[in-house]
Amino acid sequence: MSFQSKHTDRMYVVMGIVLLISLTFLGRLFYVQVIDKSYQLSADNNVLRYETEFPARGRIYDRDGRLLVYNEAAYDLMIIPRQATSIDTTELCRILNISKEDFIRKMDKAKAYSWRKPTIFEKQISTITYAELQEKLYRFSGFFVQKRTLRKYPEPVAAHLLGYVGEASQTKLDEDPYYKRGDYVGISGLEKSYETELRGQKGVKVIMVDVFNRPKGSYKEGKYDTVAVAGKTLHASIDAELQAYGELLMQNKTGGIVALEPSTGEILALVSAPSFDPNLLVGRVRSDNYRMLQADTLKPLFNRALMSEQNPPGSTFKLINALIGQQVGVLNENTTYRCPRGYVSGSFRMGCHDHRSPLNLRESIQHSCNAYYGNVFRNIIDHTGKPWEGFAIWRKHVVSFGLGTKFNTDLPIEYAGIVPTNEFYDKHYGKNHWKSLTIISMAIGQGELGTTPLQLANMTAAIANRGYYYPPHLVTAIDDEPIKNRFTEKQFTTIDPKYFEPVIDGMAMVFEQGGTGYRSRHDSIVMCGKTGTAQNPHGEDHSIFICFAPKDDPKIALAVFVENGGGGSKYAAPIASLMVEKYLTDTVARPNLEKPILEANLIDPSKNVAP
Amino acid sequence: MREQRSIFDGIDWVMVGLFLILVFMGWINIYAAVFNEEHQSILDSTQRYGKQLFFIVFAIFVGLVIMLIDGKFFSTFALPIYGLTMLLLVVVLFTARDVAGARSWIDIGAFKLQPSEFAKYATSLALASYLSTINIRMDELKTKLVATLILVIPAGLILLQNDTGSMLVFGAFALVMYREGLSGNFLLFGLAMAVLFIFALLFTPLTMLIILGSIGLVVFLFQRRKTWKLGLSIGAVLMVLMGFVYSVDYIFNEVLEPHQQVRINVLLGKEDDPKGAGYNVNQSKIAIGSGGFTGKGFLKGTQTKYDFVPEQTTDFIFCTVGEEWGFLGTFVVITLFAALILRILFIAERQRSAFTRIYGYCVASIFLFHFMINIGMTIGLMPVIGIPLPFFSYGGSSLLGFTILLFTFIKLDGYRLQQLR
Ligand SMILES: [Zn+2]
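Order-wise, the sequence lines are chains B and F. So in the numbering used here, the last one in the first sequence is 611, and the numbering has no gaps at all. So in the numbering used here, the last one in the second sequence is 1421, and the numbering has no gaps at all.
The following block holds chain B by itself, in its conformation from the complex (with noise of 0.2 Å):
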């Protein structure tokens, strides 16, 4: 049994090790502990205050330079209930101008949160306050104050797109350590797309107070704070005064307007109606204001200008047909067609209005015949025998134009509209079971399609730009640092640029004699436009107007939808043409045309004055 072990001299090297550790450690400790004083607090059991610094948050201009959105001080009284003891709360509810009950009841409810870390005792309290308080605060053990901004907005317009603050939510926190409870984190619009450019960075200074809360100076010659960093400076691509513009013409009214610069897919405006002033949602009226937003019929929050995506485009629609049909070669700027009041294929009909006939290309945009597009569309996706071939084919040149796609533009929420897949088709009527007169709808742009007023925008642009379009995008530079990613790479359709030609002069000729939009021209400006109409199976249709301008040099392109408006002509066609004037003169001088649009109310048709 006995078992004389072998390396029995091993132990001492092994114990050796235990003693090195032991004594390297004691060693450092006392080091740490004893010599090193800078760790070390005075007797009276000082303690260390962390305050966190807000960063401004960075501001945001628009593409002239006017600021649209910049911070004011604002003050949250703060308190660590485990150090407020004995402090005179009748003085402090003077001072603070709240009842005994009030203070209980925050007394108890910081309690409940946490014992020992900071939590608002009062927020955003005022200046005058705040200078009295700031006086009296070492009486008040436990409170300290913290200096917050808040969001402001001189200008109350688009809401929308700029978005809004708010404390981060329990999901926030929980997702992302650099958010603390009460921390302000961006909500929606630009806000919250570029959260991390706009936030800066906290910084940290840790202090050491006495037991009355009086601060005693830095700690460790601040060899733990951390400064914070401003956010960054956003330069928007929107026109102020253009959007606000569009605000007021789309007053009384539902809908979306979406202007854009084609040369760079800049956003010069994007108007959701009805809007709202974005300094409702800031400070403490912010809850009670969203609450009364949230619950508006009208549905204000919801950007239409980016979300409304169950509409059809209606006959601007044609032109993309017409653009396709030549494309794939069934149809040159010669092509004529007769219209019978209509489209007829068998016992199918689809009606048309009274106008001039045969005509050609040109002269079916001006008329937006749809016997015309009837046969131009029946021909594309017939050109190979097998309709869902010519379908696809179709299909995959429409998408060019970013409908049917999300352009993951810098807003947070955007919708994909609809352009349907011939797996759609096969789902519904079997495989490859289908013909063209089956989906002949969209050639007059009805039917399965649906387009955001974005997406109607930006297909306005690529027909400025003859075939091509950058993303839209809302902010051109940061901190003066131009943007240079995806929104700078040139986006090109699969349409030869020669074939837009005669599409443009057709929609030059909508602003002429006969043209569906001749009521709304301008003198000296040379528009190209397209009236459209969304159906609308649940009451009045939706008015539809694409536009840009000039013709030869484009400086501006945009879509109009106004919910439950009607024709393209009624509504939409006057707001897309004052739109046009406004930016390209900086004035509006067509009275007959402005004012019936701003009496118009089509939320309320009982004070209604039709144009």
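Please keep in mind that the hints were generated in silico from the structure rather than gathered at the bench. Hints may contain errors.
Taking lysine to any residue pairs in the SDA-like style, the calculated list, with each CA pair at most 25 Å apart, reads [to be verified]:
id	chain 1	residue 1	chain 2	residue 2
1	B	K180	B	Q201
2	F	K1051	B	S114
3	B	K202	F	K1300
4	B	K205	F	G1414
5	B	K6	F	G1414
6	B	K111	F	K1300
7	F	K1300	B	A112
Following the hints, complete the assembly by docking chain F with the ligand onto the known chain B.
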């Protein structure tokens, strides 16, 4: 007297005493770390100190049960216990929920069990059992391979649970193998690789090539006979070392998560980030340093109480000792740990049974590793690897695991004396 053998016969009361003192001190500090005005009763079961007290009572009970087990049980059933524990580790992989990114807990009713704490125990038994087999010699290749396999299986399974800290503990067994005859060169080689590893992290592969190349050149030049063969073998060694450097570089950049990279960079002094990854360590140092020589006094600590130090009841419990009891407190704790480990080693060496001796070395190595990493981390000498301080840190599984480890050894030691009678 001879017939009436008490279970306490032959017990080493020094180890039992050290155990009781450490557990009590641990509990006192957990109480101090969570103490607040709202919950003052020490038995409050909603608070961590209340729960820990329950764990302590339970652990002592388990210790008593171990005393009742026959001494032959552990060596006889070492391998079945090992197999069963490995099975449990596999089960955990498939059933456990994610807790802070790691999947290592099993729910048993209201209690959560962490099998990795018991894997150390099972591995110690298995290793002791294997190495104490007659005719096993450490200098044989087969022995090294089998012994390594016994460690690698649980280490690998624990790594799969994402519990890197517990996995590293298995490295401690190298010390056991050294004691049993593994050439010291292996330890030195391991140390050299660790140094090379740190250098590889500090410098770019190109710099490393220049450094290692120059060393190789110097070695070559100082050889009296500069043959082709010598040059080639130096070149080959250089290639192998550079391969290692490149794989470290690759693992660091491609395999490690960004937060792990930052942690390592902060420790190496490449990044100074007192509010980010260095936050825990800085706060922990402030807490310990502010304790001074005599400490701020029981329940008077401010740094640990104000939640500045994260995980203050588990991985950073030593901060509370440092802050409230000062250097006197930390001195006592370090001394107690050193005394316990040395006592275990001393007693292991007086065993006649190789199984008990090897098992004792396993226990000592595990305690030493936890002690070194945990305290080293709180004073900024070691990377932040989340492993508990034995008997101090809050947590039922770890307390139970350490208690079983220690009391099995106490039992085995006592059994030796009982046999003598
Ligand atoms: Zn017609």
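Verification of the supplied hints:
Distance check on the hinted pair: K180/B and Q201/B sit about 13 Å apart at the alpha-carbon level, within 25 Å; holds. Simply put, K1051/F and S114/B have alpha-carbon atoms about 21 Å apart, close enough for the 25 Å limit, and the pair holds. Restraint check for K202/B and K1300/F: not satisfied, since their Cα atoms lie roughly 30 Å apart, outside the 25 Å limit. A distance of roughly 58 Å separates the Cα atoms of K205/B and G1414/F; the hinted pair therefore is violated under the 25 Å criterion.
Restraint check: the Cα-Cα separation between K6/B and G1414/F comes to about 23 Å, which is no more than 25 Å; the hinted pair holds. Our distance criterion of 25 Å between C-alpha atoms is met by K111/B and K1300/F, whose separation comes to about 20 Å. Between K1300/F and A112/B, the direct Cα distance comes to roughly 23 Å. Compliance with the 25 Å bound is thereby established for this hinted pair.
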